[in-house]
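Visitor: Sequence:
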Amino acid sequence: MADKNGGQAAGQPAQDIEILYEDNHLLGVVKPVNIPVQEDATGDPDLLTLLKEDIKRRYDKPGNVFMGLVHRLDRPVGGAMIFAKTSKAASRLSENVRNRSFRKVYLTVVHGELPAPSGRLRNFLLKNAKTNTVTVVRQGTQDAKEAVLDYTVLSKAEGFSLVKINLLTGRPHQIRVQLAHAGCPLYGDQKYGPSVNKPGQQIALWSSLVGFPHPVTKEEINLVSLPPRSFPWSLWSRDIQEQSLAEVSEET
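Numbering (full-length UniProt numbering), first residue to last: 1 to 252.
Think of the hints as simulated: they come from the structure by calculation, not from any bench. Any given hint might turn out to be false.
[What the hints assert, rightly or not] Computed cross-link-like contacts, EDC-like style, restricted to lysine to aspartate or glutamate with a CA-CA straight-line distance of at most 20 Å:
1. 88 <-> 239
2. 85 <-> 46
3. 127 <-> 40
[Unchecked claim] Ranges of calculated distance between the beta carbons of each label pair, as one might list FRET restraints:
4. 115 <-> 53: 43 to 53 Å
5. 194 <-> 219: 20 to 30 Å
6. 194 <-> 86: 38 to 48 Å
7. 129 <-> 57: 27 to 37 Å
8. 199 <-> 156: 24 to 34 Å
9. 172 <-> 199: 41 to 51 Å
10. 148 <-> 95: 38 to 48 Å
11. 247 <-> 59: 14 to 24 Å
12. 235 <-> 150: 16 to 26 Å
13. 199 <-> 24: 36 to 46 Å
14. 57 <-> 150: 12 to 22 Å
Computed from a predicted structure; not experimentally measured. Just so it is clear, CB atoms sit at the ideal spot from N, CA and C, and this is done for glycine as well.
All chains should be modelled from the sequences, with the hints used to inform the complete structure.
Guide: As structure tokens, then:
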């Protein structure tokens with residue numbers, strides 16, 4: 001769904017990808033889980049290509065279709081994403097990402113309880129490209145990058161916590177690594193929580209709100225998407241999730 005700032009809602013493109021917002025400059029969608037954002041070594045269908053093909057078909061566009069990738073989600077993660085339909089929009093949104101006026105809010109379910117009802121996690125992360133894994137390292141480690149997020153625990157049930165994440169930096173696997181390092185691995189995350197998760201479980205991490213000033217009109221846009229009603233999300237009511245995101249939208 002899109003909140004009151006979400007602009008024009010559109011129909012359904014191919015692959016049952018829900019459109020949250022669309023105009024001449026932008027395309028906001030709900031990324032399905034387990035689809036890569038862009039082409040990778042697997043050769044599986046990727047979201048960027050699917051959206052380009054859909055735009056070409058829906059608008060009967062000749063030649064190549066431009067679709068600018070502004071931010072990314074890990075393959076197993078679903079939720080709100082924004083794409084640029086023009087190079088100017090892509091450039092301005094990328095600048096929003098750099099100056100941190102691009103808001104990324106996630107909902108996640110973690111094992112256990114975080115040390116406080118809310119707080120900030122700040123770590124330095126190092127990625128191993130060969131294994132596609134990220135580890136927390138000491139500040140000053142060569143090639144390590146600072147990772148910062150704010151969290152709020154929304155509710156607890158059956159040994160799990162429902163947590164809202166305001167992502168302040170965009171490092172690979174950042175939320176997964178930082179929360180696991182804090183002693184609370186994400187539900188379903190076999191890579192960073194193998195001792196508490198089982199193969200086949202879907203990771204409980206959802207891009208729930210993407211907010212930014214429109215690259216042309218400067219109107220504040222907030223695209224909102226709620227996680228599916230499957231376990232463990234179903235441990236909590238929609239009201240809790242919706243209210244937490246409404247509060248974020250009201251801050252803009």
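Visitor: So, for every hint listed, does it hold in this structure?
Guide: Against the structure, the hints come out as follows:
Of the supplied pair hints, the one linking residue 88 and residue 239 is violated, its CA atoms being roughly 38 Å apart against a limit of 20 Å. Straight-line distance between C-alpha atoms of residue 85 and residue 46 comes to about 17 Å, which keeps the hinted pair within the 20 Å bound. Restraint check: the Cα-Cα separation between residue 127 and residue 40 comes to about 18 Å, which is no more than 20 Å; the hinted pair holds. Distance hint check: the CB atoms of residue 115 and residue 53 are about 46 Å apart, consistent with the given range 43 to 53 Å.
The given range of 20 to 30 Å is broken by residue 194 and residue 219, whose C-beta atoms sit roughly 44 Å from each other. A beta carbon spacing of about 43 Å between residue 194 and residue 86 agrees with the range 38 to 48 Å that was offered as a hint. Residue 129 and residue 57 have their C-beta atoms about 36 Å apart, which keeps the hinted 27 to 37 Å range intact. Restraint check, residue 199 to residue 156: a C-beta distance of roughly 26 Å satisfies the suggested window 24 to 34 Å.
Taken as a hint, the range 41 to 51 Å is violated for the pair residue 172 and residue 199, whose Cβ atoms sit roughly 22 Å apart. In this structure, residue 148 and residue 95 break the distance hint of 38 to 48 Å, their C-beta atoms being roughly 19 Å apart. Taking 14 to 24 Å as the suggested C-beta distance range, the pair residue 247 and residue 59 does not conform, at roughly 37 Å. About 23 Å separates the C-beta atoms of residue 235 and residue 150, a value consistent with the hinted range of 16 to 26 Å.
With their beta carbons about 44 Å apart, residue 199 and residue 24 fall inside the hinted range of 36 to 46 Å. About 41 Å separates the C-beta atoms of residue 57 and residue 150, a value inconsistent with the hinted range of 12 to 22 Å.
In the structure shown, a violation is registered for the earlier hints numbered 1, 5, 9, 10, 11, 14, in ascending order.
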